[in-house]
Amino acid sequence: MTLEEKAGQMTQVNVTNLQGSSEWDAGPLNKEWLVKAFKDYHVGSVLSGGGTTPVSNEPKYWAEMTNEIQKNAIENSRLNIPIIYGVDAVHGHNNVIGATIFPHNLGLAASRNTDLVNKLAASTAKSVRSTGIHWNFAPVADVGRDLRWGRFYETFGEDPYLVTEMVTASIIGQQGEDISSNEKVASTAKHFLGYSQPLNGQDRSSGEIPLRTLKEVFYPPFEEAIANGAKTVMVNSGSINGVPVHVSRYLLTDVLRGEMGFEGVIVTDWEDIIRLHSQYNITDNYKDSIVRSINAGVDMSMLPVGIEDYTKNLIDAVNEELIPMERIDDAVSKILALKFELGLFENPYTNAEKAEAFTLDQDRELARQASVESLTLLENDGVLPLSKEVKTILVTGPSADNIANQMGGWTIGWQGLTEEGVPPAVTFLEGIQNAAPPNTNVLFETDTAKAVQAAKQADVTIVVFGEGPYAEFDGDTTNAAVPINQVELIKKLAETETSVVGVLVAGRPLIVTDLVGDMDAFIMAYLPGTEGGNALADVLFGKENPSGKLAFSWPNEIGQLPMFYNHYPKSTANEKAYLPLYEFGYGLSYSKFNYSNFEADKEVTLDSVIKVSVDVTNRGDLAGSETVELYVDQQLSSVLTPVRKLAAFSKVHLEPNETKTVELEIPVSQLAIVPGDVLGEGDKIVEKGIYTLSIKKLATPVTIKDKIE
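Heads up, the sequence shown is in full-length UniProt numbering, so the first residue is 1 and it goes up one at a time.
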């Protein structure tokens, strides 16, 4: 390959570079632009950034568009090299009108159901691949440590073990055993590393994260993603401890390649090499930015615009010996290897006639199950499930009949739905109307005054409130407050004698401390997607028993942030060290579950597994699912360790009065910490000694030794 061809393979362009009459004028594919991209610049990859679609946003037209792009790429390549097409399908094939939209990750984490996440990922992969797209920029492997961050809902929560389990399930679901299959895609673990803990929660601001925290909190999801075959990794757009991650050779080469053994493709996020000189000012020109990032370990640059500038500067840098040819060959070989593994050289095209069958309205029941299992019941003063004798239900609130709010960001458009192209979905209002008993009257009011008057005539009021859709920095917040008009609505409804059920639709916990007392029941619905309305109705009317558990700590007030349950102990007995409104793992059920007969190994060796069992009994009148969570804390350690941390979990379904024994295992290696001084430079080790294992209020010690006598 020539240097020019190699530079092209390292270039990924947004599809708008190939459409219309300009770089941002979306429209039909432009033959002149196609030739320019593939014959002149040898572009190796194309993406559809959020909201960039074919002229007609339907599955068949996606497939026809990607086929046409692929055809032009191959025909204009001297070596007939196909392109790899990428997209952000982060909760279903969410760019395509008619595709089923699944709950966002924060809600899925509440389900504590890795099998479900695996199935959702497999469904997404099948839809994505059917439209000629081979590479999905998902899952998010960031550990969500600050709810003010606009991408908090894209994470699986604040606990590294929970995030790791969910990320692993997603990767396996997307990729399967053979990514050349026409139902599988290459996945992306993103955003390496520490992206989710920016200063003050503001997207892409500097992260100040000690190396010990990086190793213990942020490494694990990526380590397991790589161990389970993640094909690509996307880089953190921000900086860590004063260094933009895109130029950190330590993180990208020493850690990601060296310590973690990653052999796949490292791709930038959206135009992040440009930002090295346009925003961060650590270089004064494009070429130097390219030199530093490629030498640090970046293989492919994601470009919204500017193919010529990027490839020219990359070629010049190599010719000037600023980037070794060996580094270029290494990057290109990884990109080509991925294309071969995807089977693109043998089967570069998709069958456009099958795209609709694999995408439109697919797996609606799976989506409904996901939404049901995510719903988290936080308060219930006996009002739920609703009695079959209820004669009148008032439904109100700005999110009660609003598909955009229900879907969240990254849905058709980058920032969420606009009035154009609303996908099929069941709103909360529609779900309640469909599920209500025949003799029950369902009222709907949007005006506050009219809603209050209607509430006085109703037996129960369902108020659906929260946030509108957003993505990335547009969703950053400094207060996470419920909008004042919605506060007023809830307060006035509470003044009536009618029971109030609050349903929060949001991508993060909002500060509701002053509202909890105004609601007789309170449900966190997250961003539940297409089947959110049916799922909520299933829970409200008792068809389903809520089982969601919070994947984050819910603060009483914004001044408590950052807040996470697995914090270090303080030097004084301070009860305010962790005082959330609702703690991590909290979530009610219509049933009461009792735990008994907690047993665990008493002694284990450093290279073994801790085996645990506990009996769980459903003492309620309804069948239900319970997540058994096992926590561990180290009684004596050479450095501070979390007061407790999640070590294992399992979800079990129980009929009324049924008892099941739940067995859990913890590899001792999972308890490793970073020893040493404040720099945290040491390798992780498991320290011998006594550890406390706990499930609910049950606890038992286990001793870790070199050997057992």
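I should point out that these hints are in silico values taken from the structure, not numbers from a laboratory. The reader is advised that the hints may include incorrect statements.
Below, a list of computed lysine-lysine pairs in the BS3-like style, where the Cα atoms sit at most 30 angstroms apart [what the hints assert, rightly or not]:
no., residue 1, residue 2
1, Lys684, Lys660
2, Lys312, Lys388
3, Lys570, Lys602
4, Lys492, Lys450
5, Lys611, Lys705
6, Lys391, Lys570
7, Lys602, Lys645
8, Lys592, Lys697
9, Lys570, Lys491
10, Lys450, Lys491
11, Lys611, Lys696
12, Lys543, Lys592
13, Lys31, Lys60
14, Lys119, Lys36
15, Lys592, Lys660
16, Lys491, Lys602
Using C-beta positions, here's what the derived DEER-type ranges look like [said to hold, decoys possible]:
no., residue 1, residue 2, range
17, Asp316, Arg249, 20 to 30 angstroms
18, Glu497, Asn200, 35 to 45 angstroms
19, Glu497, Val609, 33 to 43 angstroms
20, Val487, Tyr595, 49 to 59 angstroms
21, Leu698, Gly559, 49 to 59 angstroms
22, Asp316, Gly559, 48 to 58 angstroms
In this text, a Cβ means the ideal position worked out from N, Cα and C, and glycines have one as well.
Hints, verified against the model:
no.: 1; hint: Lys684 <-> Lys660; result: violated (36 angstroms)
no.: 2; hint: Lys312 <-> Lys388; result: violated (70 angstroms)
no.: 3; hint: Lys570 <-> Lys602; result: holds (29 angstroms)
no.: 4; hint: Lys492 <-> Lys450; result: holds (11 angstroms)
no.: 5; hint: Lys611 <-> Lys705; result: holds (15 angstroms)
no.: 6; hint: Lys391 <-> Lys570; result: violated (53 angstroms)
no.: 7; hint: Lys602 <-> Lys645; result: holds (19 angstroms)
no.: 8; hint: Lys592 <-> Lys697; result: holds (15 angstroms)
no.: 9; hint: Lys570 <-> Lys491; result: violated (38 angstroms)
no.: 10; hint: Lys450 <-> Lys491; result: holds (14 angstroms)
no.: 11; hint: Lys611 <-> Lys696; result: holds (17 angstroms)
no.: 12; hint: Lys543 <-> Lys592; result: holds (17 angstroms)
no.: 13; hint: Lys31 <-> Lys60; result: holds (20 angstroms)
no.: 14; hint: Lys119 <-> Lys36; result: violated (40 angstroms)
no.: 15; hint: Lys592 <-> Lys660; result: holds (14 angstroms)
no.: 16; hint: Lys491 <-> Lys602; result: violated (53 angstroms)
no.: 17; hint: Asp316 <-> Arg249: 20 to 30 angstroms; result: holds (21 angstroms)
no.: 18; hint: Glu497 <-> Asn200: 35 to 45 angstroms; result: holds (43 angstroms)
no.: 19; hint: Glu497 <-> Val609: 33 to 43 angstroms; result: violated (56 angstroms)
no.: 20; hint: Val487 <-> Tyr595: 49 to 59 angstroms; result: violated (38 angstroms)
no.: 21; hint: Leu698 <-> Gly559: 49 to 59 angstroms; result: violated (34 angstroms)
no.: 22; hint: Asp316 <-> Gly559: 48 to 58 angstroms; result: holds (51 angstroms)
Comparing the model with each numbered hint stated earlier shows that hints 1, 2, 6, 9, 14, 16, 19, 20 and 21 do not hold.
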